[in-house]
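Participant: Residue numbers (numbering that gives the first Met the number 0), protein chains in the order written: chain E, 0 to 150; chain G, 0 to 116.
Derived by calculation from the structure, the hints in this document are not laboratory data. Don't take each hint at face value.
Said to hold, decoys possible - One-sided and incomplete, this derived list gives chain G residues near chain E with beta-carbon spacing under 7 Å:
{"#": "1", "residue": "22"}
{"#": "2", "residue": "23"}
{"#": "3", "residue": "24"}
{"#": "4", "residue": "56"}
{"#": "5", "residue": "57"}
{"#": "6", "residue": "60"}
{"#": "7", "residue": "61"}
{"#": "8", "residue": "64"}
{"#": "9", "residue": "75"}
{"#": "10", "residue": "93"}
{"#": "11", "residue": "100"}
Claimed, not checked - With a straight-line cut-off of 30 Å between C-alpha atoms, the simulated DSSO-like cross-links for lysine-lysine are:
{"#": "12", "chain 1": "G", "residue 1": "87", "chain 2": "G", "residue 2": "68"}
{"#": "13", "chain 1": "E", "residue 1": "104", "chain 2": "G", "residue 2": "97"}
{"#": "14", "chain 1": "G", "residue 1": "73", "chain 2": "G", "residue 2": "97"}
{"#": "15", "chain 1": "E", "residue 1": "104", "chain 2": "G", "residue 2": "73"}
{"#": "16", "chain 1": "E", "residue 1": "104", "chain 2": "G", "residue 2": "87"}
{"#": "17", "chain 1": "G", "residue 1": "97", "chain 2": "G", "residue 2": "76"}
{"#": "18", "chain 1": "E", "residue 1": "139", "chain 2": "G", "residue 2": "73"}
No residue lacks a Cβ here, since even glycine has one placed at the ideal position from N, Cα and C.
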Amino acid sequence: MTSSEARNFMSVQFAALSENESFARVVVAAFVSRLDPTMEELNDLKTVVSEAVTNCIIHGYDSDPAGVVSISASLENETVHLTIEDKGRGIEDLELAQQPLYTSKPELERSGMGFTIMENFMDEFEVISEPGRGTSISMKKTIVSKKALYN
Amino acid sequence: MNSHVEMEHHRGVLIVRLSGELDHHAADYVRMDMDEAIMRGQVEHLILSLKELQFMDSSGLGVILGRYKLIRSKGGKMAVCDATAPVKRLLEMSGLFKIMPLYDDESAALSDLEVAL
Chain E
0 MTSSEARNFM SVQFAALSEN ESFARVVVAA FVSRLDPTME ELNDLKTVVS
50 EAVTNCIIHG YDSDPAGVVS ISASLENETV HLTIEDKGRG IEDLELAQQP
100 LYTSKPELER SGMGFTIMEN FMDEFEVISE PGRGTSISMK KTIVSKKALY
150 N
Chain G
0 MNSHVEMEHH RGVLIVRLSG ELDHHAADYV RMDMDEAIMR GQVEHLILSL
50 KELQFMDSSG LGVILGRYKL IRSKGGKMAV CDATAPVKRL LEMSGLFKIM
100 PLYDDESAAL SDLEVAL
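Make a model of the complete structure from these sequences and hints.
Facilitator: Here is the structure:
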């Protein structure tokens, strides 16, 4: 693929059901595949999508399937922009939530590593949350295409 | 793709082979399957074989840490083997190898644990 100036985008919305987590990973991976990412880059993206969507379902909506999870993604040159959001309960203490190993739901055997993984696997990462209104996570990652690696 | 759990008892060691994708959706089933086997059988130690595990996220880490606590509370040991590159990367990032060893394959993990038996 030649790197065109044109911006490409997509968005999806789905019910806050755990079986949709794999759907969300596959949708984003398929959208990004035109940038020819490496297996590692693709796995990083699938992992962060999984983390963010799981957070929406478990924490945003307390596993209530009536909730709606939204994903929007865009490609600008070789950079993937991802926004994953819910209209759920929001996060009271963002700083605490982002501490490695912290979880507000230890009874569910959560590892508390979700935010840490997202920060590590992406180039840029930002959380905006308002208690009672929802949480939005925006992330960026630049794909070093295989073509560039081989040349 | 779903996650599958295959188990084999080897004297006091339970070998659990995970395949497919271990995310939040699969975590509950995998956790229940493993706990049932651990509580029912003569299980002292646990080996988690991850050769066929295609995908794992922090929900999978939660499952591994939970089983580690359970086995430790019964005085046993836990080891991981055969992790694929992406799974290994996640386990490394989480610091898991500070609390349990990683082996190349099941037989290496078994022979090490059997010394302890």
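Participant: Quick check: which numbered hints come out false for this structure?
Facilitator: 9, 11 and 18
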